[in-house]
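Asks: Input sequences plus hints: build the corresponding full structure.
Number of protein chains: 2
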Amino acid sequence: MARVFNFNAGPAALPLPALERAQRELLELGSSGMSVLEHSHRGKEYEAVHDEAMALVRRLLSVPDDYHVMLLQGGASQQFAMVPMNLLPAGKSADYVLTGGWSEKALEEAKLVGTARVAATTAVDGRYTRIPTQAELDLDPAAAYVHITSNNTLFGTQWFDFPNTGDVPLVADMSSDFMWRKFDVSKFGLVYAGAQKNIGPSGIVVVLARKSLVDGGRKDIPKIFRYKTHADNKSLYNTPPTFSVYLVRNVLAWLEEQGGLDAVEKQNREKGRVLYGALDELSSFYKCPVDVGSRSLMNVVFRLPTEALEEKLIAEAKKAGMVGLKGHRAVGGIRVSTYNAVSLQAVTALAQLLRDFARANA
Amino acid sequence: MARVFNFNAGPAALPLPALERAQRELLELGSSGMSVLEHSHRGKEYEAVHDEAMALVRRLLSVPDDYHVMLLQGGASQQFAMVPMNLLPAGKSADYVLTGGWSEKALEEAKLVGTARVAATTAVDGRYTRIPTQAELDLDPAAAYVHITSNNTLFGTQWFDFPNTGDVPLVADMSSDFMWRKFDVSKFGLVYAGAQKNIGPSGIVVVLARKSLVDGGRKDIPKIFRYKTHADNKSLYNTPPTFSVYLVRNVLAWLEEQGGLDAVEKQNREKGRVLYGALDELSSFYKCPVDVGSRSLMNVVFRLPTEALEEKLIAEAKKAGMVGLKGHRAVGGIRVSTYNAVSLQAVTALAQLLRDFARANA
Numbered sequence: 001m002a003r004v005f006n007f008n009a010g011p012a013a014l015p016l017p018a019l020e021r022a023q024r025e026l027l028e029l030g031s032s033g034m035s036v037l038e039h040s041h042r043g044k045e046y047e048a049v050h051d052e053a054m055a056l057v058r059r060l061l062s063v064p065d066d067y068h069v070m071l072l073q074g075g076a077s078q079q080f081a082m083v084p085m086n087l088l089p090a091g092k093s094a095d096y097v098l099t100g101g102w103s104e105k106a107l108e109e110a111k112l113v114g115t116a117r118v119a120a121t122t123a124v125d126g127r128y129t130r131i132p133t134q135a136e137l138d139l140d141p142a143a144a145y146v147h148i149t150s151n152n153t154l155f156g157t158q159w160f161d162f163p164n165t166g167d168v169p170l171v172a173d174m175s176s177d178f179m180w181r182k183f184d185v186s187k188f189g190l191v192y193a194g195a196q197k198n199i200g201p202s203g204i205v206v207v208l209a210r211k212s213l214v215d216g217g218r219k220d221i222p223k224i225f226r227y228k229t230h231a232d233n234k235s236l237y238n239t240p241p242t243f244s245v246y247l248v249r250n251v252l253a254w255l256e257e258q259g260g261l262d263a264v265e266k267q268n269r270e271k272g273r274v275l276y277g278a279l280d281e282l283s284s285f286y287k288c289p290v291d292v293g294s295r296s297l298m299n300v301v302f303r304l305p306t307e308a309l310e311e312k313l314i315a316e317a318k319k320a321g322m323v324g325l326k327g328h329r330a331v332g333g334i335r336v337s338t339y340n341a342v343s344l345q346a347v348t349a350l351a352q353l354l355r356d357f358a359r360a361n362a
Numbered sequence: 001m002a003r004v005f006n007f008n009a010g011p012a013a014l015p016l017p018a019l020e021r022a023q024r025e026l027l028e029l030g031s032s033g034m035s036v037l038e039h040s041h042r043g044k045e046y047e048a049v050h051d052e053a054m055a056l057v058r059r060l061l062s063v064p065d066d067y068h069v070m071l072l073q074g075g076a077s078q079q080f081a082m083v084p085m086n087l088l089p090a091g092k093s094a095d096y097v098l099t100g101g102w103s104e105k106a107l108e109e110a111k112l113v114g115t116a117r118v119a120a121t122t123a124v125d126g127r128y129t130r131i132p133t134q135a136e137l138d139l140d141p142a143a144a145y146v147h148i149t150s151n152n153t154l155f156g157t158q159w160f161d162f163p164n165t166g167d168v169p170l171v172a173d174m175s176s177d178f179m180w181r182k183f184d185v186s187k188f189g190l191v192y193a194g195a196q197k198n199i200g201p202s203g204i205v206v207v208l209a210r211k212s213l214v215d216g217g218r219k220d221i222p223k224i225f226r227y228k229t230h231a232d233n234k235s236l237y238n239t240p241p242t243f244s245v246y247l248v249r250n251v252l253a254w255l256e257e258q259g260g261l262d263a264v265e266k267q268n269r270e271k272g273r274v275l276y277g278a279l280d281e282l283s284s285f286y287k288c289p290v291d292v293g294s295r296s297l298m299n300v301v302f303r304l305p306t307e308a309l310e311e312k313l314i315a316e317a318k319k320a321g322m323v324g325l326k327g328h329r330a331v332g333g334i335r336v337s338t339y340n341a342v343s344l345q346a347v348t349a350l351a352q353l354l355r356d357f358a359r360a361n362a
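For the protein sequence lines, the chains are Z and L, in the order given.
So the first sequence is numbered by this note's numbering: it starts at 1 and just counts up by one.
So the second sequence is numbered by this note's numbering: it starts at 1 and just counts up by one.
Just so you know, not all the hints are guaranteed correct.
Calculated lysine-lysine pairs in the DSSO-like style (CA-CA distance at most 30 Å, straight line) [what the hints assert, rightly or not]: (1) Z:Lys44 to L:Lys287; (2) L:Lys44 to Z:Lys223; (3) L:Lys44 to Z:Lys312; (4) Z:Lys111 to Z:Lys187; (5) Z:Lys111 to Z:Lys211; (6) Z:Lys105 to L:Lys44; (7) L:Lys287 to L:Lys312; (8) Z:Lys111 to L:Lys234; (9) L:Lys105 to L:Lys187; (10) Z:Lys111 to L:Lys105; (11) L:Lys187 to Z:Lys219; (12) Z:Lys318 to L:Lys44; (13) Z:Lys92 to L:Lys92; (14) L:Lys105 to Z:Lys211; (15) L:Lys105 to Z:Lys223; (16) Z:Lys228 to L:Lys228; (17) Z:Lys105 to Z:Lys319; (18) Z:Lys105 to L:Lys319; (19) L:Lys223 to L:Lys211; (20) Z:Lys211 to Z:Lys234; (21) L:Lys234 to Z:Lys318; (22) Z:Lys228 to Z:Lys182; (23) Z:Lys223 to L:Lys92; (24) L:Lys223 to Z:Lys92; (25) Z:Lys287 to Z:Lys92; (26) L:Lys319 to Z:Lys44.
Keep in mind that the hints were calculated from the coordinates and are not lab data.
These figures come from a predicted structure and were not determined experimentally.
Replies: In structure tokens:
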């Protein structure tokens, strides 16, 4: 097979060694005589995989001891509801910082659960081109929590310095930039991330949560939706998505072999330098709408002079073995997703194509 | 590799051809240059897989046109909460028929959402050995729905004739016997089933629901938990667990190749005849606690004279390449799960082992 350069926004490119390992082991895990897919989630063979996945999350991010690591189902969209169900009691209000479509959706779900307000928004005519400054945040000191979306796949913006929320727990949806680098987990009350961008397949979510926050969570909701239920049962309260956990394990083991998150961050920053460098060099042809300080290193968005040229670029890229460049249907344009598994080689090849295309079509 | 005879209760044995297909295609779906795991859920390659999985469910079960087919996340345990969240409005009550640990859990979650009552229970000293008769059901004619668990993995009982609930919608958790045979979907308001027994991996749930019931569902709950959200978006409202859907597709395609559910039912009944036949023949040694008319064809449970003999049987079976025979930790004893992918050959080999073991140890 000819493996394409895959710039999909998620589900996205996975590291080939993690896939090859899955292929090799698909019919038999170890010498157990059966696939990992056929193992009981209560058996020791699966348990070793499960524990290793959790331990890798802890190790790679230096998760403090007073934080739970959970592996859940339902995607980040389910966390939009579970966060307020657990952490927003009657009589309290939650603060939401809007930086894109996903934070809007998170707010909408919170409003169906309790009281939530907008602490800041950078929307102009329904579009977002930047992350707000600390001074722009109108924070309620009595809020149950402050919610942010750390990276915005649609609009291509990313938080690099997280806001100071004082004593109010900071909650972050990190689905699209989880583990692109290390971050200080202790600054957050809770972090959640769908795996399908940087660390695995769709169908599994990693949650990091301060133990005191989990313990103080609401008890008047179904047991399956309480973080405490999953934290107390090592994410084995009900049957976990065992193969998805296995794949996350494979990806994180690969990440560690690459040198961990410091090495991956270096690579991600280099990819950003190459790609934004090409766009800036050709700024009379490619227009990047995002403020320089808010430019995402995960999703690089830009426009061409016309939609017809955008389609032509996508078609030429496809011929050259580069796919997944179409912008989100809500915003159009071009979007290049450059998650951990996207190689510098892929990004360099794309940058060259952008140069050639601009020269031929300007 | 030597493939073992796998009698796990779930996650459970999968058909080897479905696994081999996954292995073959793991690095590249079709000639797309990437794994199915790396495809966008909005792309045409994945969409074909998704649509085929949904179509196979419809075709194999002859699902009527006025029913939605949904592929969701969170396991049956999440359905324990979603069913009352959607279908149990304030001022109404739901009826629960208790036949085992899973129906007890479903009732507990319903009580956290609204008003629910026990319409029947066959528990004696906390154990269940049979399915209730129609005459034993104390049904509330004004109930929002009646909930049953069609097969009980812990206690080894199964409904063969479903109850008549008049105009009250019948809701069934069919996780452990979904698609062991055909059934008349139109008799149910809603059916849900975790895939990890008969039709796929853990981490995906199939829901069949009458359209009018979905349309009339509660709107005052988070959008992600409304059946209508998923039904209206062809189970693509948020990113689905794409590889799990792919595997369900593989298993259902295999099922169809075997001759569909009529052929599978015949095979399942033959497996039951062989296994219960051996147990009955050796009834002075093996004790099956379940009433003959309620004996599950999916999970065959029995006891030996002593726990030490049970452990010895499990050890000898393991040596002979048969695993997964330990009863659920809540009830002990032996449990043989004989889902669709467990072959008649496996069951016949086990029956022979049971004969030999009884002869040597009686």
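Asks: Does each hint hold? Answer for all of them.
Replies: Hints and how they fare:
For the proposed pair lysine 44 (chain Z) and lysine 287 (chain L), the alpha carbon gap of about 29 Å is at most 30 Å, so the pair holds. Of the pairs offered as hints, the one joining lysine 44 (chain L) and lysine 223 (chain Z) is violated, with about 38 Å between alpha carbons and a cut-off of 30 Å exceeded. Restraint check for lysine 44 (chain L) and lysine 312 (chain Z): the C-alpha separation of about 19 Å stays at or below 30 Å, so the hint holds. Taking the CA atoms of lysine 111 (chain Z) and lysine 187 (chain Z), the gap is about 25 Å. The hint holds against a cut of 30 Å.
Among the hinted pairs, lysine 111 (chain Z) with lysine 211 (chain Z) is consistent with the structure: their alpha-carbon atoms are about 25 Å apart, no more than 30 Å. A C-alpha spacing of about 26 Å is found between lysine 105 (chain Z) and lysine 44 (chain L), which places the hinted pair at or below 30 Å, so the restraint holds. Of the pairs offered as hints, the one joining lysine 287 (chain L) and lysine 312 (chain L) holds, with about 16 Å between alpha carbons and a cut-off of 30 Å not exceeded. A hinted pair counts as satisfied when its Cα atoms are at most 30 Å apart, and lysine 111 (chain Z) with lysine 234 (chain L) qualifies at roughly 25 Å.
The suggested pairing of lysine 105 (chain L) with lysine 187 (chain L) holds, with an alpha-carbon distance near 24 Å, which does not exceed 30 Å. Only pairs whose Cα atoms come within 30 Å are accepted, and lysine 111 (chain Z) paired with lysine 105 (chain L) is accepted, the gap being roughly 29 Å. Note on lysine 187 (chain L) and lysine 219 (chain Z): the hinted pairing is violated, with a Cα-Cα distance of about 36 Å set against a maximum of 30 Å. Restraint check for lysine 318 (chain Z) and lysine 44 (chain L): satisfied, since their Cα atoms lie roughly 15 Å apart, inside the 30 Å limit.
Distance check on the hinted pair: lysine 92 (chain Z) and lysine 92 (chain L) sit about 29 Å apart at the alpha-carbon level, within 30 Å; holds. With a C-alpha separation of about 26 Å, the suggested pair lysine 105 (chain L) and lysine 211 (chain Z) falls inside the 30 Å cut-off, and the hint holds. Annotation: proposed proximity of lysine 105 (chain L) to lysine 223 (chain Z) holds, straight-line Cα distance about 10 Å (limit 30 Å). For the hint linking lysine 228 (chain Z) to lysine 228 (chain L), the alpha-carbon distance of about 28 Å falls within 30 Å, and the restraint holds.
As the CA atoms of lysine 105 (chain Z) and lysine 319 (chain Z) are separated by approximately 36 Å, the hinted pair breaks the 30 Å bound. At most 30 Å may separate the alpha-carbon atoms for a hinted pair to count; lysine 105 (chain Z) and lysine 319 (chain L) exceed this at roughly 54 Å. Proximity of lysine 223 (chain L) to lysine 211 (chain L) is assessed by CA-CA distance (about 17 Å); at most 30 Å being required, the pair is judged to hold. Our distance criterion of 30 Å between C-alpha atoms is met by lysine 211 (chain Z) and lysine 234 (chain Z), whose separation comes to about 13 Å.
A distance of roughly 28 Å separates the Cα atoms of lysine 234 (chain L) and lysine 318 (chain Z); the hinted pair therefore holds under the 30 Å criterion. At most 30 Å may separate the alpha-carbon atoms for a hinted pair to count; lysine 228 (chain Z) and lysine 182 (chain Z) meet this at roughly 26 Å. As the CA atoms of lysine 223 (chain Z) and lysine 92 (chain L) are separated by approximately 21 Å, the hinted pair is consistent with the 30 Å bound. A threshold of 30 Å between alpha carbons decides the hint, and for lysine 223 (chain L) with lysine 92 (chain Z) the separation of about 21 Å falls inside it, so the pair holds.
For the proposed pair lysine 287 (chain Z) and lysine 92 (chain Z), the alpha carbon gap of about 43 Å is over 30 Å, so the pair is violated. Of the supplied pair hints, the one linking lysine 319 (chain L) and lysine 44 (chain Z) holds, its CA atoms being roughly 17 Å apart against a limit of 30 Å.
Checked against the numbered hints given earlier, this structure breaks hints 2, 11, 17, 18, 25; the rest are met.
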